[in-house]
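Read off the chains here:
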Amino acid sequence: MTRRLRIQDRIAIGALRGMVVVLLALLVWMVVFLLVQGWSELTRLAFYSSPPNIAGPGSGVGPQLFNTVYVLVLSMLFTVPLGLAGGIYFAEYAGTGRFTNLLRRASETLATLPSIVVGLFGYALFVQATHSHPSRLAAALSLTVINLPYMVRVSEDALRALPEGLREGSLALGATRSQTIARVLLPAAMPALITGVILAAGRVFGEAAAILFTGSNFALTAHSNYSLSPLDSGDTLAVDLYVFRTQAEPSAVPDARQYADGVAALLIVVVLLFNVGARALGRVAVRRGRHK
Amino acid sequence: MIETSAGGGPAPSASAAPAAGVHAIRRRSRVLDQLSHRAVAAAAAANVLLILLVVVFLALRAAPGLKSIGLGQLFGSADWQPDAGIGFGGSSAFGALAPILGSFAVVLVGLLIAVPFATSAAVVLAETNPRVGERFIRPAVEVFVGIPSVVYGYVGFIALLPIMRHLAPPGRDGSGVLAAGIVLAIMIIPTIASITADGLLAIPVALREGSLALGATRWQTIRRVLLPAARPALVTGIVLGFARAMGEALAVALVIGDVNVIPNVRSEGLRALFEPFTTMTVTITDGVDKLAINPDGTAARYMLALVLLVVTFISIVVVRMVLRRAESRR
Numbered sequence: 001m002t003r004r005l006r007i008q009d010r011i012a013i014g015a016l017r018g019m020v021v022v023l024l025a026l027l028v029w030m031v032v033f034l035l036v037q038g039w040s041e042l043t044r045l046a047f048y049s050s051p052p053n054i055a056g057p058g059s060g061v062g063p064q065l066f067n068t069v070y071v072l073v074l075s076m077l078f079t080v081p082l083g084l085a086g087g088i089y090f091a092e093y094a095g096t097g098r099f100t101n102l103l104r105r106a107s108e109t110l111a112t113l114p115s116i117v118v119g120l121f122g123y124a125l126f127v128q129a130t131h132s133h134p135s136r137l138a139a140a141l142s143l144t145v146i147n148l149p150y151m152v153r154v155s156e157d158a159l160r161a162l163p164e165g166l167r168e169g170s171l172a173l174g175a176t177r178s179q180t181i182a183r184v185l186l187p188a189a190m191p192a193l194i195t196g197v198i199l200a201a202g203r204v205f206g207e208a209a210a211i212l213f214t215g216s217n218f219a220l221t222a223h224s225n226y227s228l229s230p231l232d233s234g235d236t237l238a239v240d241l242y243v244f245r246t247q248a249e250p251s252a253v254p255d256a257r258q259y260a261d262g263v264a265a266l267l268i269v270v271v272l273l274f275n276v277g278a279r280a281l282g283r284v285a286v287r288r289g290r291h292k
Numbered sequence: 001m002i003e004t005s006a007g008g009g010p011a012p013s014a015s016a017a018p019a020a021g022v023h024a025i026r027r028r029s030r031v032l033d034q035l036s037h038r039a040v041a042a043a044a045a046a047n048v049l050l051i052l053l054v055v056v057f058l059a060l061r062a063a064p065g066l067k068s069i070g071l072g073q074l075f076g077s078a079d080w081q082p083d084a085g086i087g088f089g090g091s092s093a094f095g096a097l098a099p100i101l102g103s104f105a106v107v108l109v110g111l112l113i114a115v116p117f118a119t120s121a122a123v124v125l126a127e128t129n130p131r132v133g134e135r136f137i138r139p140a141v142e143v144f145v146g147i148p149s150v151v152y153g154y155v156g157f158i159a160l161l162p163i164m165r166h167l168a169p170p171g172r173d174g175s176g177v178l179a180a181g182i183v184l185a186i187m188i189i190p191t192i193a194s195i196t197a198d199g200l201l202a203i204p205v206a207l208r209e210g211s212l213a214l215g216a217t218r219w220q221t222i223r224r225v226l227l228p229a230a231r232p233a234l235v236t237g238i239v240l241g242f243a244r245a246m247g248e249a250l251a252v253a254l255v256i257g258d259v260n261v262i263p264n265v266r267s268e269g270l271r272a273l274f275e276p277f278t279t280m281t282v283t284i285t286d287g288v289d290k291l292a293i294n295p296d297g298t299a300a301r302y303m304l305a306l307v308l309l310v311v312t313f314i315s316i317v318v319v320r321m322v323l324r325r326a327e328s329r330r
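Residue numbers (this note's numbering), protein chains in the order written: chain A, 1 to 292; chain B, 1 to 330.
FYI, nobody ran anything at the bench for these hints, they're computed from the structure. Source: prediction; values computed, not measured. Glycine residues also receive a C-beta, built at the ideal position from the N, C-alpha and C atoms. Hints are supplied without guarantee of correctness; some may be wrong.
Claimed, not checked - Cβ pair distances, simulated, as ranges: (1) B:R266 <-> A:Q8: 52 to 62 Å; (2) B:L212 <-> A:R283: 29 to 39 Å; (3) A:Y226 <-> B:R325: 50 to 60 Å; (4) A:E168 <-> B:R26: 19 to 29 Å; (5) A:Y226 <-> B:L108: 42 to 52 Å; (6) A:Q8 <-> B:A202: 19 to 29 Å; (7) A:V269 <-> B:K290: 31 to 41 Å; (8) B:L207 <-> A:A15: 19 to 29 Å; (9) B:P228 <-> A:Q8: 10 to 20 Å; (10) B:D289 <-> A:E168: 56 to 66 Å; (11) B:P139 <-> A:H133: 25 to 35 Å.
What the hints assert, rightly or not - Some residues of chain A that are not near chain B, with every Cβ distance over 12 Å (derived): (12) G165; (13) A188; (14) A208; (15) D232.
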């Protein structure tokens with residue numbers, strides 16, 4: 001009886017571990033596979049500077065890369081102050097009443113909204129209602145809708161993680177609540193906040209569905225556009241990976257596959273860099289905290 | 001004090017001035033304090049405003065479809081020809097039964113694959129190998145939450161579809177419900193795993209030790225004590241994974257084949273998993289280049305977006321209910 005149980009225990013736990021090993025192997029394989037596939041493009045300098053080219057070889061992601069960074073920065077300009085303010089409210093002011101509850105539920109719902117629904121919403125509000133066309137601004141605003149709840153949560157967590165003594169000490173010295181937040185709490189929470197901003201930026205980098213509806217111009221060619229106008233449209237890297245499948249017939253475009261491999265590998269590299277960067281910052285912050 | 005009296009005349013006014021200054025500063029900082037309180041409250045309230053705007057604008061754009069298409073056709077027919085009516089004198093049809101069934105089919109397949117893997121990962125992370133878990137599994141989970149969904153779809157397209165082609169009945173290209181389910185599963189495993197692991201870690205140590213002290217094996221403890229105790233977390237993870245899978249568009253679009261015909265499950269059985277199919281999100285994505293020129297088709301897509309919105313609302317409510325019940329039991 002006990003022996004049977006012991007064997008059962010071994011087999012069951014072995015199976016659990018086996019599944020996890022399979023899972024991790026699959027994930028690692030995925031990253032390595034994408035990097036290997038896209039390596040020739042990643043290491044080709046012209047890949048980063050030349051425009052996409054449907055007619056022949058030598059495609060690059062220059063304009064897409066520029067556009068992606070443009071939309072990312074623009075959207076973070078909206079997301080960071082608004083999300084930080086929301087996080088400050090939840091961490092420092094909010095009570096436990098119904099109003100706070102409503103705000104929290106709204107934030108959760110916003111965080112769960114499918115990005116394609118946000119895309120249609122963004123098209124209706126930022127494009128149609130303003131009688132304009134898909135643009136970087138419309139894309140950035142839609143991305144703000146997607147990222148705002150994330151930024152709020154990150155900011156709230158960063159402030160809540162601070163020791164209570166910091167708050168009480170500042171208030172005891174006669175500082176007002178807003179002075180305490182601005183001069184004591186925010187500086188102390190800065191490393192965690194920067195980590196959060198980096199992770200939020202990483203999410204923007206890979207978002208595609210919402211931009212497809214609000215900022216894309218559906219053309220792999222024809223926009224070697226480095227203009228600075230927020231009202232211009234343009235594809236981002238992640239959008240291109242989808243457009244590759246639908247618009248460029250692999251037979252008609254000899255190096256479309258190579259191009260897409262390069263884009264996928266670049267996205268992976270950037271996401272890994274963002275993640276490692278955010279982690280490293282978090283560790284530095286923890287170490288500094290211990291010193292004090 | 002001595003200096004002011006030595007200076008004579010202006011002493012009283014000099015001592016009054018700083019006092020007034022302090023008052024002014026106090027008043028100003030109090031006003032600033034209240035202003036900043038209102039400002040951050042307004043920022044938090046922006047969440048509610050945004051939700052309302054989303055509901056209003058989706059409803060506004062879907063409304064024309066109520067009259068020209070009708071709920072009966074949208075939910076009762078599988079005849080979907082959104083573009084037949086524009087320019088060619090034909091008539092369009094907007095039966096969305098196929099994408100609606102398709103969404104639930106791919107998400108069901110995705111969950112069936114994801115839940116065992118995610119639960120295993122959570123148990124290994126929280127229980128059997130916590131050190132390895134914190135060193136490798138948790139960082140891996142975090143990285144894979146961050147990988148763009150369209151990249152998952154792309155890997156599915158270039159690596160998974162060729163494999164599926166070998167498994168599929170002859171004449172099929174490998175795309176379909178199974179391929180989409182696998183891609184979705186890989187995407188939502190990290191979500192479910194991390195929430196479940198947190199639930200397991202929050203279980204009081206006494207529960208585990210009590211079970212082991214009574215002579216239960218580790219596996220018995222995991223199955224009979226720990227997993228039941230962490231069930232609210234597991235359910236929360238599954239519902240959030242469900243919502244995420246339901247709303248995923250581009251990753252699914254890359255591997256499902258996008259054919260608006262319901263596979264005949266009765267005659268095909270499990271082979272139907274290899275039939276190209278479609279989902280609500282894929283059908284919405286399809287219309288992106290005709291948003292401005294096909295008003296009826298666009299209205300139909302906004303109606304599908306409302307369906308997705310309702311699914312999101314229901315998911316949030318279910319999560320709330322599960323968590324509240326778990327709290328009240330404690």
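Against the structure, the hints:
no. : hint                          : in the structure
1   : B:R266 <-> A:Q8: 52 to 62 Å   : 40 Å, violated
2   : B:L212 <-> A:R283: 29 to 39 Å : 35 Å, holds
3   : A:Y226 <-> B:R325: 50 to 60 Å : 55 Å, holds
4   : A:E168 <-> B:R26: 19 to 29 Å  : 20 Å, holds
5   : A:Y226 <-> B:L108: 42 to 52 Å : 46 Å, holds
6   : A:Q8 <-> B:A202: 19 to 29 Å   : 27 Å, holds
7   : A:V269 <-> B:K290: 31 to 41 Å : 35 Å, holds
8   : B:L207 <-> A:A15: 19 to 29 Å  : 23 Å, holds
9   : B:P228 <-> A:Q8: 10 to 20 Å   : 18 Å, holds
10  : B:D289 <-> A:E168: 56 to 66 Å : 58 Å, holds
11  : B:P139 <-> A:H133: 25 to 35 Å : 42 Å, violated
12  : G165                          : 21 Å, holds
13  : A188                          : 18 Å, holds
14  : A208                          : 5 Å, violated
15  : D232                          : 18 Å, holds
Taken one by one, the earlier hints fail for this structure at numbers 1, 11 and 14, listed in ascending order.
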